[in-house]
Amino acid sequence: MRQEGATKVVFTIEPFGKLVKLTVTHEGFGAPSKLLDGISKGWPAILSGLKSLLETGKTLAIPPEALAIEGFGSQ
Amino acid sequence: MNIDKFKPLTVYTIYIASTPEKVWEALTSAEFSQKYFFGNSVEIEQRVGGAYVVRTPDGALHISGEVIECDPPKKLTVTFNVNWPALIEKLGPTLVTYEIEQAGEAVRLTMSESHDRPLSDDILSGGRQGWPAILSSLKSVLETGKPLVVRMGPPERMLAALKELGIGTP
Chain F
55 MRQEGATKVV
65 FTIEPFGKLV
75 KLTVTHEGFG
85 APSKLLDGIS
95 KGWPAILSGL
105 KSLLETGKTL
115 AIPPEALAIE
125 GFGSQ
Chain B
40 MNIDKFKPLT
50 VYTIYIASTP
60 EKVWEALTSA
70 EFSQKYFFGN
80 SVEIEQRVGG
90 AYVVRTPDGA
100 LHISGEVIEC
110 DPPKKLTVTF
120 NVNWPALIEK
130 LGPTLVTYEI
140 EQAGEAVRLT
150 MSESHDRPLS
160 DDILSGGRQG
170 WPAILSSLKS
180 VLETGKPLVV
190 RMGPPERMLA
200 ALKELGIGTP
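Sequence lines, in order, name chains F and B. For the first sequence, my numbering assigns the number 55 to the initial residue and increments by one for each residue that follows. For the second sequence, my numbering assigns the number 40 to the initial residue and increments by one for each residue that follows.
No wet-lab data here; the hints were simulated from the structure. Keep in mind that this is a model prediction, so the values were computed, not measured. Just so you know, even glycine gets a beta-carbon here, dropped at the ideal spot from N, CA and C.
Calculated pairs, PhoX-like style, for lysine-lysine (alpha carbon to alpha carbon, straight line, at most 20 Å):
hint : chain 1 : residue 1 : chain 2 : residue 2
1    : B       : K185      : F       : K75
2    : F       : K75       : B       : K74
3    : B       : K185      : F       : K72
Just the calculated beta-carbon pair ranges, DEER-fashion:
hint : chain 1 : residue 1 : chain 2 : residue 2 : range
4    : B       : T95       : F       : G59       : 43 to 53 Å
5    : F       : K62       : B       : P209      : 37 to 47 Å
6    : B       : V50       : F       : L76       : 13 to 23 Å
7    : B       : V188      : F       : I67       : 12 to 22 Å
8    : F       : G125      : B       : G207      : 43 to 53 Å
9    : B       : R190      : F       : L108      : 15 to 25 Å
10   : B       : L204      : F       : H80       : 25 to 35 Å
So that you can see chain B by itself, here it is in the shape it has in the complex (with noise of 0.2 Å):
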């Protein structure tokens, strides 16, 4: 898949007293991620062109992607499409880059979100509103030990922008 015309429209970057390979761990595996990332579990084949899967507690399917780019444990890429109908058809595919670097004696984690087309600020407030949560718990559970307990509502502004543009939700 060529990412060259994606461009990223949220980009969040945080700070982690851990290791590179630590962080790496955190994002790849579906024991820790279901800690920080609402439940859900993720699934990765870590060789480009391999499976990217994230599935709900109750294991259904939730996103699925390709592997585009594997550096570990420096860079991930993957696709990330929600499987609402008609997303993909309406918005064309998600991308999302992890990008792990030292910093000092800290961990700096870049998480970008990436499109092939303009969106609106509503169509993207559904990350901007989850992603915050999700890497705030990741940086506590490496620090920690125990993730942030985050009741977080559903994301509404995106939902009622979603379906203005007929993609329907669950």
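In isolation and in its complexed conformation, chain F is listed as follows (with noise of 0.2 Å):
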């Protein structure tokens, strides 16, 4: 994974009536891409974990092997 190229991934912060509106956008990754495989699979963690971080002062305790990200967690 760490053979392929820099990708570019935004932010986007909104504020949606008395809530907020995050959308993350990540591209530019070439054909086929262990990369891309693994992150469609670390960011609705990571954005989980953050909500609930936000929302209760608590992270999510998900363990990398849950995840199913090859070479991730699984040592």
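Please dock the two separately framed chains into a single complex, following the hints provided.
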């Protein structure tokens, strides 16, 4: 994965009534890309953890193995 | 109903500090769904072939469907057809699948919206606007007891695309 080129992430934060709408876009992957597969599984866990932390003060306990990303968390 | 030719065109995954049983209940109970699904009530007969209905807060039929797969608390697949004239005739049925998995102490909920034909991003934009709000609010209800108050405007981009196809909308 580290041999794949640099990619671009954009975070957009918008007020949405009393809420905040956070949009993350990630682009610039080669094809095929192991990074894209891994990152597609990673972002939902990261963003879900971020939301829990902001709303409840607690992060989510998601073990890396649970994400089923090849080469991540499976030593 | 044969669902082999359906392909997921929109997929969202969210992790929730909860149990698979509670997530299942949130997805299948009218009282629960009213809190996070823009006030809409889910009514479901939990067996294959059973009815799946979503009613608006005034009781009107908004979505009608059939249970295709029912494996509590792991997997639920339903047809999810918005009751607008000519929608199904022109765009085909919509299939929604919820998959619930334990992930450490959290639960991974994956929602897939599948269709039996290719659809434009314009048509799909309605669901892509709504699902993140619905699932974010579901997560908040389960984790904090409080839903999100999401004031969402109408899905203009999708409505314009439907109009162009001659599909009437309310």
